[in-house]
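Q: What follows is the residue order along each chain.
Number of protein chains: 4
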Amino acid sequence: MDLVIKNGTIVTASDIYRADLGIREGKVALIGRDIYADEVIDASGKYVFPGFVDPHVHLQMTIGGITSTDDFVTGTIAAACGGTTTIIDFVDPKPGESLQEAARKRREQADGRVAIDYGLHLTATNALPQTLEELPILAKEGYTSLKLYTTYPALMVEDGELLRLLKAAKSCGILPVVHTENHQAVEFLKQELLDEGKIEPRYHPRSRPPLVEAEAANRVLALAGLVDCPVYIAHLTCLETLEIVEIARRRGQEVYVEVTPNHLLLSEEEYERPGFEGAKFVLSPPLRGKRNQEALWLGLADGRVQVVSTDHCPWNFAVEKQLGRGDFTKIPGGMPGIETRIALLFSEGVRRGRISLNRFVEVCSTLPAKLFGLYPRKGTIIIGSDADIVIFNPDKEVTLSYKDLHQNVDYCPFEGWRVRGYPDIVIAKGKVVFREGEFVGEVGAGEFLRRI
Amino acid sequence: MDLVIKNGTIVTASDIYRADLGIREGKVALIGRDIYADEVIDASGKYVFPGFVDPHVHLQMTIGGITSTDDFVTGTIAAACGGTTTIIDFVDPKPGESLQEAARKRREQADGRVAIDYGLHLTATNALPQTLEELPILAKEGYTSLKLYTTYPALMVEDGELLRLLKAAKSCGILPVVHTENHQAVEFLKQELLDEGKIEPRYHPRSRPPLVEAEAANRVLALAGLVDCPVYIAHLTCLETLEIVEIARRRGQEVYVEVTPNHLLLSEEEYERPGFEGAKFVLSPPLRGKRNQEALWLGLADGRVQVVSTDHCPWNFAVEKQLGRGDFTKIPGGMPGIETRIALLFSEGVRRGRISLNRFVEVCSTLPAKLFGLYPRKGTIIIGSDADIVIFNPDKEVTLSYKDLHQNVDYCPFEGWRVRGYPDIVIAKGKVVFREGEFVGEVGAGEFLRRI
Amino acid sequence: MDLVIKNGTIVTASDIYRADLGIREGKVALIGRDIYADEVIDASGKYVFPGFVDPHVHLQMTIGGITSTDDFVTGTIAAACGGTTTIIDFVDPKPGESLQEAARKRREQADGRVAIDYGLHLTATNALPQTLEELPILAKEGYTSLKLYTTYPALMVEDGELLRLLKAAKSCGILPVVHTENHQAVEFLKQELLDEGKIEPRYHPRSRPPLVEAEAANRVLALAGLVDCPVYIAHLTCLETLEIVEIARRRGQEVYVEVTPNHLLLSEEEYERPGFEGAKFVLSPPLRGKRNQEALWLGLADGRVQVVSTDHCPWNFAVEKQLGRGDFTKIPGGMPGIETRIALLFSEGVRRGRISLNRFVEVCSTLPAKLFGLYPRKGTIIIGSDADIVIFNPDKEVTLSYKDLHQNVDYCPFEGWRVRGYPDIVIAKGKVVFREGEFVGEVGAGEFLRRI
Amino acid sequence: MDLVIKNGTIVTASDIYRADLGIREGKVALIGRDIYADEVIDASGKYVFPGFVDPHVHLQMTIGGITSTDDFVTGTIAAACGGTTTIIDFVDPKPGESLQEAARKRREQADGRVAIDYGLHLTATNALPQTLEELPILAKEGYTSLKLYTTYPALMVEDGELLRLLKAAKSCGILPVVHTENHQAVEFLKQELLDEGKIEPRYHPRSRPPLVEAEAANRVLALAGLVDCPVYIAHLTCLETLEIVEIARRRGQEVYVEVTPNHLLLSEEEYERPGFEGAKFVLSPPLRGKRNQEALWLGLADGRVQVVSTDHCPWNFAVEKQLGRGDFTKIPGGMPGIETRIALLFSEGVRRGRISLNRFVEVCSTLPAKLFGLYPRKGTIIIGSDADIVIFNPDKEVTLSYKDLHQNVDYCPFEGWRVRGYPDIVIAKGKVVFREGEFVGEVGAGEFLRRI
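Chains as they are written, first to last, in this note's numbering: chain A, 1 to 452; chain B, 1 to 452; chain C, 1 to 452; chain D, 1 to 452.
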């Protein structure tokens, strides 16, 4: 063995046990007791988690002339420092650009500049024949998921396009990941608010209320039902949408639900912060009333919600967010979170008894890996899996602050929150990448993941 | 009194009682016992119902170069002979035509050629400023309802248009009447079936399954919820849509539901008839599986369904329906029914114990009158209301046949059905228009109703 | 005509119209315009309502050695002064007493001492053969409803008894009226609270939470489903029970729901009043959180709730309620309301746009009359019905106070509430019984109603 | 290592991977590749499952003078031959017997006579102080679950008892396992059927319809909600109960659901078999209509159902079942199944695509182990767990017949069913107990499991 992690408590989606973990050539090679190796890490009193998988991040995403503030370098370093050893970002083709071309360019941006392994979802903005033909080709190259938007003019597809894309996705085993908000409704409500002079961040949630989200979710699920295609609902936020999902499941549909720490832990009260502070919390769908948080936690615990991702999409408050001063609809939507997900979920989820330790691993690592074709390489600790490992100190206390985090953004939505439980050491493919609070890995060590 | 109806059992939406009914100048003028008049009709052993209101008919509707086979003359005669003394038809503007112009032309087609009073729903096929401006003007002229389609290329409106139309309707007290089917889904499914060579009528229901209807209903209700506008769902057919309506009501929305005798009494098995016979039953949304019928009857009984209309839209089997031989998507959609609604509802509803006598009157007369601004002139028997009266023999047995009916169409979907209970005499505005099986009224006696 | 009410606006469950109302020999005899009579009441600008029916009152009910403070004299006078011209009280047999004997005794208490007509529900406290045999006999004598309790040791029946009683009721056309709370759960929770020293009125709602009510309702509806018997749920209070009712209806059961002004308008916050004041609001099931009120109003508006009764059961705060000082479980349960129902429902329901004028009449008069076999004698204004009439001034403003009310009790739960709309004149069987704020009728004029 | 299983595909609730499995001293000791041991089993092309756990069996259960036909010897041999290496049976105290005394006697029956490890659920038939006091004592001794019945006179507890038992269970970490059917309803329906001369087996399901089960489930969940106690619903069979469970979960309750292969795969049509054959399928709750099967499979797949057990309770058709000739209520309730569960679930569940391979292991092994305090000793394959292993040939085809099975009963409900996939070798605590179709283990090798 090249490395052995001794005396830790290994936790997977279903198991918890004491054992030594032997690593060889970047893979988990042996699990047992009293394993010998040249290098030893003592994990007594620590949890040994599979590296966490964040299947929804937006690094150096350019939109409307601005670019999200974490690039592949800073973003993957921040991920690693937070316990995430795999991310899935997006291929967003420009108008007229083919998916293959866009994928190639995106790979160019990332390859050699990532600290951890990464995958890419495709984003389809049309259902032209060429697009449909590219899907099976790209699926074979490891792009086995497809982001679809029901809003945003540059990205959205209409119902007929959705149907063709869902059918095509189904036929080549691609999983659709859908952002569900009714575009026309959002446009209408925004205009109404602006016409009434309601321009502050506090009006953002009123421009995208729960019905707007639940409507689009119901529509997408109905269309998917017609072509018998599974659907992954990105960042579900509210009771109304959850009810829609349950109805679809009762009629036999395969539906997966993703939530984010933002929607689990923050409420629409944040928009009432003085001045322009609310802009820090502008994202879509927006933060909701507190009853929704409770429902999301219940769903996470009892199996109705499958994944916790971050939808990390950082904008500096002092710079990009300021574009929306005077018009909340111009505030770039998105919040940072790639580095804080694991600590928050452990403290607020596991410690508070809302979810079990196994479930924590399942929704933050195993299910994202399985749903997106990364398993068994990622998402678990078994013989042959990548040695992506988080040695986690359940008692380490940290006060979150943007100053200490590695995210390249000038605020943290959870500024000042105290968490208990934090990664001690993070290992990616057998190499230590985070230790004593610092990134110690190598930019460029991450690879593109051909997902299955 | 000009006329007295003696010894009958008067039935309204809420009452049943024995009394004489005095009519003067076409109005109900006196209710009591032992009323004297020059002319007397003895109604011993008969029910005295308010004239029935059919709020959803399509007479001489031209679409795709063909015209529905009942014009205002034959259609209103058939209505009268079946106990219906008020209909509401539609103003369907041609491309580029203003609503006001279309309304004027539609009035020209009908005025002087109707045997009974009639109203007109507007149909909006766009949300252009001119259209929105016309709505309050036309509302004041008695067009207080607005048909909206989510399917049919010539008619449908998109979500943004829907929102503006719903908002405009709300602001001037117009009730939206919505045909809910997802257009893109229908197009997609039709194409798939045709591509597989599935061209017979039996494939019609598979091109418009329940999810297609329920999706559009949910979308319309969500949008209406955003602008706080009531909605009347035309011809709801299935459990899935009913569930959606219940969810909307629980969140406080005002939703009205219409069903038709076709969907209450016939099932998708009709499409399995040999040869091209299934074409007789092609309508949209299509006939459904039998479990849905049971659910519609329950909803009708317990108050979740408000109206039974006919959606009368007749095409001759030997002529127009033949257009779809070789391609079910070209079968003109629609079925006759304007004359048989009341007899069917009484026999199959009241006699079988599915609905009460009061509820029968309520859903076939009072609620359509109230929801569409005809009350108290229509829909009930009270002092001052129009003397539209059906003297109904609960024991008269009739075998339905297109040969005996007055509908101008070469088939009856209920051919050979035996009903028990049939109108003896029908009175419109104080004049007998139907007696001994024959129309004895006057074409041209009907008037346009300015609805409130 | 003996009396004519001129120029009023007659309102029934389904109609609203201007007409004169002719009364002869205590009955509605003629409806029209310009009717002549010896005595005329001008109702210009007033509503002419059918006398209201309160199907759930407890006058001079003796329980645990104390007697509710309104006897048949004061209680029926108070009812009349509030616009209620018919009540239905209860026959509560003593241990070992036959239903027939108990009914005879209860008749003795009431006959000659009631100001308005009254009926009596039976209460079955067992399902012994004798009891089951008495039901059809008493049904023929006009006792066509049967109160059943799932709690209170002296009254409650077990599931097996319930089944036999529901089956027997079904077979002789008796409607079961059920108080649904799980007795063992209430006893358990009460004991837990007392064991923790929680003795104040504020703990009352915690001893009977919504689940306790919804559980019993579900049980009763399941049992009724097995024997195909309709059920009337008395004083439903919460969302949880309403959901249970909707499930039962969807499977085809006939279920009626009653609510009270207390649960519509007051919340559990009342229990937090200082000192022992909360005891004034102790009733079972208790007042609930505000979300439930909204749901009850919605149900009332859209047809899921059928009746508003009072469950009038007054105890003086200074006397009987004091029995529970030091132990909330000993507070006599019940609140007054027989006189304030109509004014409250009109002000808070009709005026605030929560229910329509027709629906107001329907739930306070017509449906109670119909469901309990009083129709068409009571519950409406039609030829031949009793001339029970409320001439109601929609603009009269009154501040409610126990000092002004005729209820024989030392407090009013709505003390200080300002209502707009109040009865001007109340007529029972053709005789004015209330005018200018005073009872002007005759004690003893009321009769026992043989219900059908 | 004492034994190594080489080249197999290890499957746990969350993982699937190729590895060798080293066993030492009856425990899993090493997982890796190329492990050396004295004894080697080649598992190429086979699945290596954790031994399956059947948490609901009734061996040598005496009731009404007869004893279920599998005793601890034959029953545990049959279990082992079917791939089940752990069972949980019951301690059913006799009237007046303490739980501790009953547990001691039950241990005497089993110890030394079991081929595999076993646990025991307690059964509480009362909530007397002594019983409540015994619970924490017995919990410490490994009896950490408590069967409660809402039916069967000898076993059932009333609501008040239920509350006290649920509260006591909660306080000492005992999981209640509840058989939910409304006793009084069953008694009533049985009597009605017998009174009508309906004595054949086909009437069994009509004496215990879905509402009877769903009612009791709702009641138990409501009561559990009041004391915040988790509940495990034994053998749920129908849509109605599943809806109740979902409502409870939405309000935050912890509910686990168990189903059996009988209810997943057989329908009430079995009761229509000629002659007395239907008696073979008499169990409670009964087999249901086919729509329910579909719903149970969906719930199993999407996580709403947690466990598949057998409720194995065999009676010979030629002997005990004959007691009910002439009166279906006297047919001993119960069906065999301890040996066929795994083969059926694999063939009908995994092979038909209804559930995944991981889910199969989860519901048949891991979750039963976790919920009942056997994990991590049982239910998975991790370092330190018992070496209970099933080497499963996914392609082995077997036609089920009672003649070939080891169950001591004269029929198999699945007689003639062809399964594909069957255990090749079964290992219990490191020893092979089943090989080449025969039991090769040792009676007496099984131990009592102190559950946590």
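Hints were generated in silico from the structure; no laboratory data involved. Quick caveat: nothing in here was measured; it's all calculated off a predicted structure. Watch out, some of these pointers could steer you wrong.
No copy labels: a pair is met if it fits in one copy or bridges any two.
Simulated crosslink set (DSSO-like; lysine-lysine; CA at most 30 Å straight-line) [what the hints assert, rightly or not]:
1. Lys6 / Lys190
2. Lys290 / Lys170
3. Lys6 / Lys27
Q: How would you label the pair Lys290, Lys170 (within, between, both, or neither) given a Cα cut-off of 30 Å?
A: between (36 Å within a copy, 28 Å between copies)
Q: Give the relationship of Lys6 and Lys27 under a CA distance limit of 30 Å: within one copy only, between copies only, both, or neither.
A: Answer is both; intra-copy 16 Å and inter-copy 19 Å each pass.
Q: Checking Lys6 and Lys190: alpha-carbon separation at most 30 Å within a copy, between copies, both or neither?
A: neither (56 Å within a copy, 54 Å between copies)
Hint violations for this structure: number 1 only, all remaining hints satisfied.
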